[in-house]
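Chain residues, written in single-letter form:
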Amino acid sequence: MTATFPDLHMPPRLLAPGGTPTDLRTHQDRYGPVPQAAADDLLRLVAESGLTGRGGAAFPVHRKLLSVAAAGHRTGRTPVVIANGAEGEPASRKDRTLLRLSPHLVLDGIQLAAAATGAGEAHLAVEEGAPDLESALTHRRDPVPVKVVRLPARFLSGQSSALARYVGGGAALPAYQNPPIRERGVHRAPTLVQNVETLAHLALIARYGPDWFRTAGTQAQPGSALCTIHTPGHEPHVVEAPFGTPLHRLMPLHGTSAVLLGGYHGTWLPTPEAASRTLDATTMGAGVLMGLPADRCGLKETAGILRYLASQSAGQCGPCLNGLPRISAAFTTLAEPGPQGSTRTDVARWSGLVEGRGACHHPDGTVRLVRSALTTFAPELDAHARGFCTENH
Amino acid sequence: MNERIDIDWTGCEAHGLCAELLPEHIELDEWGYPLVANMPLPPHTLKRARRAASDCPALALKLRVVRDT
Ligand code: SF4
Ligand code: SF4
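If you're matching them up, the sequences are chains A and B in order.
Take any residue in the first sequence, count from 1 to its spot, add 774: that is its number in our numbering.
Take any residue in the second sequence, count from 1 to its spot, add 51: that is its number in our numbering.
Since the hints were derived computationally from the structure, they do not count as laboratory data.
Just so it is clear, CB atoms sit at the ideal spot from N, CA and C, and this is done for glycine as well.
Hints are supplied without guarantee of correctness; some may be wrong.
Said to hold, decoys possible - Okay, the calculated beta carbon distance ranges per label pair:
{"hint": "1", "chain 1": "A", "residue 1": "G1130", "chain 2": "B", "residue 2": "L68", "range": "17 to 25 Å"}
{"hint": "2", "chain 1": "B", "residue 1": "N89", "chain 2": "A", "residue 2": "G1089", "range": "18 to 26 Å"}
{"hint": "3", "chain 1": "A", "residue 1": "G903", "chain 2": "B", "residue 2": "N89", "range": "36 to 44 Å"}
{"hint": "4", "chain 1": "B", "residue 1": "A88", "chain 2": "A", "residue 2": "R914", "range": "49 to 57 Å"}
Stated by the list, open to error - Example chain A residues on the side facing chain B (calculated, C-beta under 10 Å, incomplete):
{"hint": "5", "residue": "G943"}
{"hint": "6", "residue": "L947"}
{"hint": "7", "residue": "P948"}
{"hint": "8", "residue": "Y950"}
{"hint": "9", "residue": "N952"}
{"hint": "10", "residue": "G1092"}
{"hint": "11", "residue": "P1093"}
{"hint": "12", "residue": "C1094"}
{"hint": "13", "residue": "L1095"}
{"hint": "14", "residue": "N1096"}
{"hint": "15", "residue": "G1097"}
{"hint": "16", "residue": "R1118"}
{"hint": "17", "residue": "A1122"}
{"hint": "18", "residue": "W1124"}
{"hint": "19", "residue": "G1130"}
Please build the complete structure, drawing on both the sequences and the hints.
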């Protein structure tokens, strides 16, 4: 399931060569022990590397580490680290692939993040049914204990306030955050939630330094990222690519009419536009790229995704609870040829009403998908309004 | 430093009381949930805003201190 394209000019950093899981002995032979470093030195390395979060938000890791460490000092509470491997995004495979092939890079990264923030406990959150990680932990001599936490497999379980709540013994549901969980999270302690891929990069930066890290990627967006590629007619596969890689080199675009960049909370792009784009931390979300086969209707695809997204709303927040099912139902109408009445303006209005009005970013991500679908598939929308279907049967 | 109205969306039950107490800052949407103008509260409104926060039946209306950057 993993592959590297020979023309990416980059040997994989994170995924073990050969596609076989790396056990502790092999890991230590390859990388040596976890470097011991003072918190300040680690923070400086991370700042110089320019590492950003790989869970979708691309937030500078250095700043997050700093604010958790500072909140720890200020409150006198020992911070908690949560490694987020609970890939809620249904189209993403990269975090589970990383955990299967290179679990010890992630576990090293957890220890380094704990050292940088002064944390005293750590949790590795994965989805229910994820393969065994406990045995990878047993032979390590980690200074900070790590517990594996298994979350209910839902789209929003991996949302950071949901994680903090679940680890603290509550339900895996997003919560109102003020102050933010990096100041008051698990059992009121400052809590660092960091994606597992980010932590694996951290493990390499601590060993090889920021200059090495910056040999991949661009000046503004250094490093590489794991992507899950969905090509019509093929199994999804995970590749590692530097930022700045042209998307057309990441996936074959022929035979597609559009590309969904960033997964279910992402953006549809018409194929000619996707062909001119590069891998960019601000648009790639958690790294999902899906090609839409040229003979399939993007509106139908989107309607299907929206039904799923509406079903995943935790139903806690009024605008999300009311808006998402309406938007989804409206899209099901738009996906079929026939009279549209006020449906398009309804969708636009409801999108405005749900955006920014929830305890988590689920409504915002859903609206991003909706708006990009309305633009990218405008010709199909017009055809449907005139009673035609553009899908080739 | 200023204070703004913030809604805990997991708590708000669309009682709409806040829109009555602070009509110049809060309107209700088509489902009865508050639409809040994201602006600093002027000093002469603060007292009423605090009352709206303490009177909200779901305790979902909060005042959030925003530091100027
Ligand atoms: S915004 Fe929606 S998905 Fe997020 S917590 Fe509120 S109801 Fe749940
Ligand atoms: S008074 Fe409270 S519960 Fe009622 S609409 Fe306003 S915020 Fe929501």
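Structure-based check of all given hints:
no.	hint	verdict
1	A/G1130 / B/L68: 17 to 25 Å	holds, 22 Å
2	B/N89 / A/G1089: 18 to 26 Å	holds, 25 Å
3	A/G903 / B/N89: 36 to 44 Å	holds, 41 Å
4	B/A88 / A/R914: 49 to 57 Å	holds, 53 Å
5	G943	violated, 18 Å
6	L947	holds, 8 Å
7	P948	holds, 7 Å
8	Y950	holds, 4 Å
9	N952	holds, 6 Å
10	G1092	holds, 4 Å
11	P1093	holds, 6 Å
12	C1094	holds, 7 Å
13	L1095	holds, 9 Å
14	N1096	holds, 4 Å
15	G1097	holds, 8 Å
16	R1118	violated, 17 Å
17	A1122	violated, 14 Å
18	W1124	holds, 9 Å
19	G1130	holds, 9 Å
When the structure is compared with the earlier hints, violations turn up for hints 5, 16, 17 and for no others.
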